[in-house]
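Visitor: Sequence:
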Amino acid sequence: MRKLTGVLSAFALAVTLSACGNEADSGDAGTNNGGGGSEQAATNLAALAKSISDSTADTNTAHMVIDVDAGGQKVTGEGDIELGSADPKMTMTMSTPDGDMEMVFVDGVLYIKTPEELEPGKPWLKIDSQGNDPMSKALAGMTDQMREQADPRATLEQFKNSGTVTSQKEEELNGEQTTHYTIKVDAKKLAAEQSDPAAKSALEQAGVKEFPVELWVNEDDLPVQVQVKMPVKDPASGATTQTSAKVTYSKWGEPVEIAAPSADQIGKMPGS
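The sequence shown runs -19 to -1, 1 to 253 under mature numbering (1 follows the signal peptide of the UniProt record, and there is no 0).
Calculated directly from the structure, the hints in this document are not laboratory data.
Hints may contain errors.
[What the hints assert, rightly or not] Simulated restraints on C-beta separations: (1) G52 x D245: 33 to 41 Å; (2) D35 x E97: 27 to 35 Å; (3) E97 x E157: 26 to 34 Å; (4) G65 x K169: 31 to 39 Å; (5) N155 x Q246: 33 to 41 Å; (6) Q246 x E151: 45 to 53 Å; (7) D35 x E152: 20 to 28 Å; (8) G52 x G80: 36 to 44 Å; (9) Q158 x G65: 22 to 30 Å; (10) N155 x S34: 22 to 30 Å; (11) D114 x S34: 30 to 38 Å; (12) S34 x E152: 19 to 27 Å; (13) N113 x E157: 17 to 25 Å; (14) G53 x Q246: 30 to 38 Å.
[Claimed, not checked] In silico lysine-lysine, PhoX-like type, Cα no more than 20 Å apart, as pairs: (15) K249 x K232; (16) K169 x K118; (17) K165 x K227; (18) K118 x K190; (19) K169 x K181; (20) K94 x K118; (21) K169 x K150; (22) K94 x K249; (23) K118 x K249; (24) K249 x K107; (25) K227 x K249; (26) K55 x K210; (27) K165 x K190; (28) K170 x K190; (29) K227 x K55; (30) K107 x K55; (31) K170 x K150; (32) K181 x K170; (33) K150 x K165; (34) K210 x K227; (35) K165 x K181; (36) K210 x K165.
Just so we're clear, the structure is a prediction, and the values are computed from it rather than from any experiment.
Where is the CB? At the ideal position from N, CA and C, for every residue including glycine.
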């Protein structure tokens, strides 16, 4: 369970920081060399929220690639996301120090395909924030946070006071013309907005006042890449380690298939 929690923490960090990047760029911007909705949105929070909402109303699916390094613990992943509902949908295949895992997030429920079958023929674990089993109870806060952070529009209000755009410029990234925002995030303000006690505590104990976020947005006001680097304090040793997370988005608007595994594929943790 400890290893599984660690993997989920790394994934939640990537999702949280990517969403945070979209919120943080809504801070007070200086000048903007871009055009279209991005130029207007970067100077005004309300305009940014409307720009993102309008852009993802129809173009609400994307491919995601994550790359997280938390103090030497590396997690990479690739999958799809679908926005537009109360509970965003997500699927991800991840490579972790403990082996490859698959995740599906549907209807507010997280499903994890573990490296080893929990029961014969049942490789999937179900984690429901409303469930009564020990695993669901232990990870309820994390799954709730993942649901909240998966949709950049839903977290815009939560992070609106935490970031300030310090610079922006036009760049080509992954074959697209983008506006590259450099953002300064206030760790204390960000911590105050967290609903998950673990995430709040991690930010409060990080020992840093602020950290940078790099955000690239394309000409359609859709995120292309978010990159974050910040120190995190290890509660066990007290040592501070560098954590980095990069999320790359592509294939906006292309069809995706995201569905929960069948009930006969879901097993239980030993002892539960």
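Visitor: Against this structure, judge whether each hint is valid.
Guide: Results for each hint:
1. Between G52 and D245 the Cβ separation comes to about 39 Å, which falls inside the hinted range of 33 to 41 Å.
2. A C-beta distance of roughly 45 Å is found between D35 and E97, which places it outside the suggested range of 27 to 35 Å.
3. As the Cβ distance of E97 to E157 is approximately 40 Å, the hint placing it in 26 to 34 Å is violated.
4. G65 and K169 have their C-beta atoms about 33 Å apart, which keeps the hinted 31 to 39 Å range intact.
5. Between N155 and Q246 the beta carbon distance is about 35 Å. The supplied range of 33 to 41 Å therefore holds.
6. At about 47 Å, the CB distance of Q246 to E151 agrees with the hint of 45 to 53 Å.
7. A hinted range of 20 to 28 Å holds for the C-beta pair D35 and E152, which are about 23 Å apart.
8. At roughly 19 Å, the beta carbons of G52 and G80 sit outside the given window of 36 to 44 Å.
9. One distance hint, 22 to 30 Å for the beta-carbon pair Q158 and G65, holds here, with the actual separation near 25 Å.
10. Remark: the range hint 22 to 30 Å for N155 to S34 is upheld by a beta-carbon distance near 24 Å.
11. Checked against the hint of 30 to 38 Å, the pair D114 and S34 passes, with Cβ atoms roughly 36 Å apart.
12. Between S34 and E152 the beta carbons are some 25 Å apart, a value that agrees with the proposed interval 19 to 27 Å.
13. For N113 and E157, the hinted distance range of 17 to 25 Å is not satisfied, since their beta carbons lie about 46 Å from each other.
14. A C-beta distance of roughly 33 Å is found between G53 and Q246, which places it inside the suggested range of 30 to 38 Å.
15. Of the supplied pair hints, the one linking K249 and K232 is violated, its CA atoms being roughly 35 Å apart against a limit of 20 Å.
16. Restraint check for K169 and K118: not satisfied, since their Cα atoms lie roughly 28 Å apart, outside the 20 Å limit.
17. Proximity of K165 to K227 is assessed by CA-CA distance (about 16 Å); at most 20 Å being required, the pair is judged to hold.
18. Restraint check for K118 and K190: not satisfied, since their Cα atoms lie roughly 32 Å apart, outside the 20 Å limit.
19. For a cut-off of 20 Å, the pair hint linking K169 to K181 stands: about 9 Å separates their Cα positions.
20. Only pairs whose Cα atoms come within 20 Å are accepted, and K94 paired with K118 is accepted, the gap being roughly 19 Å.
21. Between K169 and K150 the CA atoms are separated by roughly 27 Å; this puts the pair beyond 20 Å, and the hint is violated.
22. For the hint pairing K94 with K249, the CA-to-CA distance comes to about 12 Å; that is within 20 Å, so the pair holds.
23. Among the hinted pairs, K118 with K249 is consistent with the structure: their alpha-carbon atoms are about 14 Å apart, no more than 20 Å.
24. Proposed proximity of K249 and K107 is supported: the alpha carbons are some 8 Å apart, at most 20 Å.
25. For the suggested pair K227 and K249, the alpha carbons sit about 32 Å apart, so the restraint of at most 20 Å is broken.
26. As the CA atoms of K55 and K210 are separated by approximately 14 Å, the hinted pair is consistent with the 20 Å bound.
27. Between K165 and K190 the CA atoms are separated by roughly 10 Å; this keeps the pair inside 20 Å, and the hint holds.
28. Proposed proximity of K170 and K190 is supported: the alpha carbons are some 9 Å apart, at most 20 Å.
29. With a CA separation close to 12 Å, the supplied pair K227 and K55 stays within the 20 Å bound.
30. Of the supplied pair hints, the one linking K107 and K55 is violated, its CA atoms being roughly 24 Å apart against a limit of 20 Å.
31. The straight-line distance between the Cα atoms of K170 and K150 is roughly 26 Å, outside the 20 Å bound, and the hint therefore fails.
32. In summary, the hint linking K181 to K170 is supported, as the alpha carbons are separated by about 10 Å, within the 20 Å threshold.
33. Between K150 and K165 the alpha-carbon distance is near 15 Å, which keeps this suggested pair within the 20 Å criterion.
34. Between the alpha carbons of K210 and K227 the distance comes to roughly 9 Å, so the proposed pair stays at or under 20 Å and holds.
35. Of the supplied pair hints, the one linking K165 and K181 holds, its CA atoms being roughly 18 Å apart against a limit of 20 Å.
36. Distance check on the hinted pair: K210 and K165 sit about 11 Å apart at the alpha-carbon level, within 20 Å; holds.
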